[in-house]
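Student: One letter stands for each residue in the lines below.
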Amino acid sequence: MSRLEKLLSGWTFRTATPTFDAGDVITAYVTHRDSDGYSVRVGDSVIRVGDVDDVAIETKVRLKITSFDDATYEGTGEVVDVLGEDG
Amino acid sequence: MPEEPDIELRFRGGRLVSALPIALFIAWAIFQSGILGIGDTTGLVAGMLTGLIVGMLFVRGDWKDYADVIFAGMTRRVAATAVVAWLWAGMFAETIQVGGFVDGLVWAATILNVGPGLFPAVTFLLAALLATGIGTGYGTAIAFTSLVFPAGLLLGANPVLLFGAILSGAVFGDNLAPVSDTTIVSAVTQDADIGGVVASRVKYAVVAAALAIVAYLVAGFGIPGVWSGMPHASVTGQVDASVSPWGLVHLLDIAIVMVLAIRGRHIIEAISWGLFAAALFNLALGAAGVVDVSAASMLLFSAPQNGLTQAVEALPLVGALVETVPAGQVGVGGSIYSGAAGFFPLIVLTLLLVAGAEIMRAGGGFDAIQEILIDRVATTVRRAETTMVLGTALVNATVTINTAAEIAIAPYVATLGKRFNINGYRRANILDANTSALGYIFPWGGGLLAGLGAMQGLVGGEATPWFTQQMVVNPATVWPYVFHGWFLVGVFLFAAWTGYGREYVSDRVSEEVSRV
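These protein sequence lines are chains L and W, in that order. First residue of the first sequence: 1, per our numbering; consecutive thereafter. First residue of the second sequence: 1, per our numbering; consecutive thereafter.
I should point out that these hints are in silico values taken from the structure, not numbers from a laboratory. As the structure is a prediction and not an experimental result, all values here were calculated from the model. Just so you know, nobody snuck in bad clues.
Counterexamples of contact, computed for chain L against chain W with all Cβ distances above 10 angstroms:
1) A22
2) D34
3) T66
4) D69
5) V82
Each pair of labels, with its calculated beta carbon distance range:
6) F13(L) with G156(W): 39 to 45 angstroms
7) L8(L) with V312(W): 53 to 59 angstroms
8) A80(W) with V52(L): 28 to 34 angstroms
9) D53(L) with G13(W): 36 to 42 angstroms
The C-beta atom is built at its ideal place from N, Cα and C for all residues, glycine as well.
Work out the full structure: start from the sequences and follow the hints.
Tutor: If you want it as structure tokens, here you go:
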């Protein structure tokens, strides 16, 4: 990323509930775990990734979105790469 | 980051007791600096050492585990990175100061020939420029209170407003400068590169600064000026004769550091280039006789008088860095030495504080507080960011040395932010802005105390014989006028609620922390 891009990034109002499209690959921290497995919360949107090996809360992962509902801001995804704690 | 130690500590009284070393430190800091008014960082080191020893008494089981956790904390990369960056930043800042940079700014203030109404706004801008260059808000508060404050009073500016403007400039630089200690801590603790952090925080700093300039203009023309009886005079003539504009060439080496840092060069490399440039400018300015600076201003060995040292002193080149002195005055000096040495107490304090934080982590106190925050307070991203803003502001409002407060709160900002995948840049910006702002507002704030100390020095000073004890600004009256500090907190509360500037981890990955 260039110096100018760094300066100009983020001069916007970003929603509390970002949306994703199926097929998107994103990098994010695993944030929660419940009886359905792990989930990744981005703002107030939630992507469930199920049970994954070698993952804990605050592990950074790359995940592929498999579905996302723009009305409830919930979706599902699968972990494609585990990047570690602060990767 | 190194792997987390596996050691778990158990404390008599439960998990929260593991917070005892840091809690004792905070109580010590409030007692020492807030109540007794002693702004001595080495005193806080004693407080943290005491906290670590007292905490050990509450450990169940082997005390060796407690000691191991202290070692694990002190050897964390976050501590080492901050230490290294401070040493470099300290050398650079001191070197441009001995090169007449402050004189250059004073010259600029007087040559612009601004009146009392405009003076606070211009002072804010120039103080912000100095602080952004040297990265130390405390240094800026001291330099501007010593040099620009009396000039403003003579022009008829309101003293409380003027002091507030100086502190506001210090806040701006502490927040934005890549060589600022708080900037470095904010980037390192949130796993983000320093250049990216600086670039990404411009969007908050300029909004707050624009509001602050307007506020200083309105207040400058709206609030009555100096006390009656103070000698009003145009100081332009006097100051012109005594200060040199040439120190302003150091704006170039400040630009070198900022551009290289924002381009993603390692902070050690960026500052080293700035340091080379600053040293060359100093040698040139000194040789030309326009600024009173020489190689010895940057590095000077004051050696005891004997045959050998006198022979070395007489040598070409090396001799310029050596002087022989009576036995009682032996030592090493110059900006390279004192710039680095100035950070030694803070470095030791930081290592011990990180150890205290590690104990809290190993003992579960960190988790206990975090669970309360995550389960009950920060339940949405807006509430999480608002908690980060207010939590940082609160801790910094109570602990005088803002870098120490920042280190204590940083792990919470990291964890709360990561739970909502808030980008490292955004987390670092929330952490640093509110740290910088609150350290200069209240009467016990370290930055305010530093400026106040300089103001006491004006009483009966050689250059300011007219300045009396009753002209010293009451520190308890300044807080409403540190406009940039208040606007910065306000901008972040607005940003937390509206999403201004918010970025998620998935929007942009911050560069490796190893590139700081």
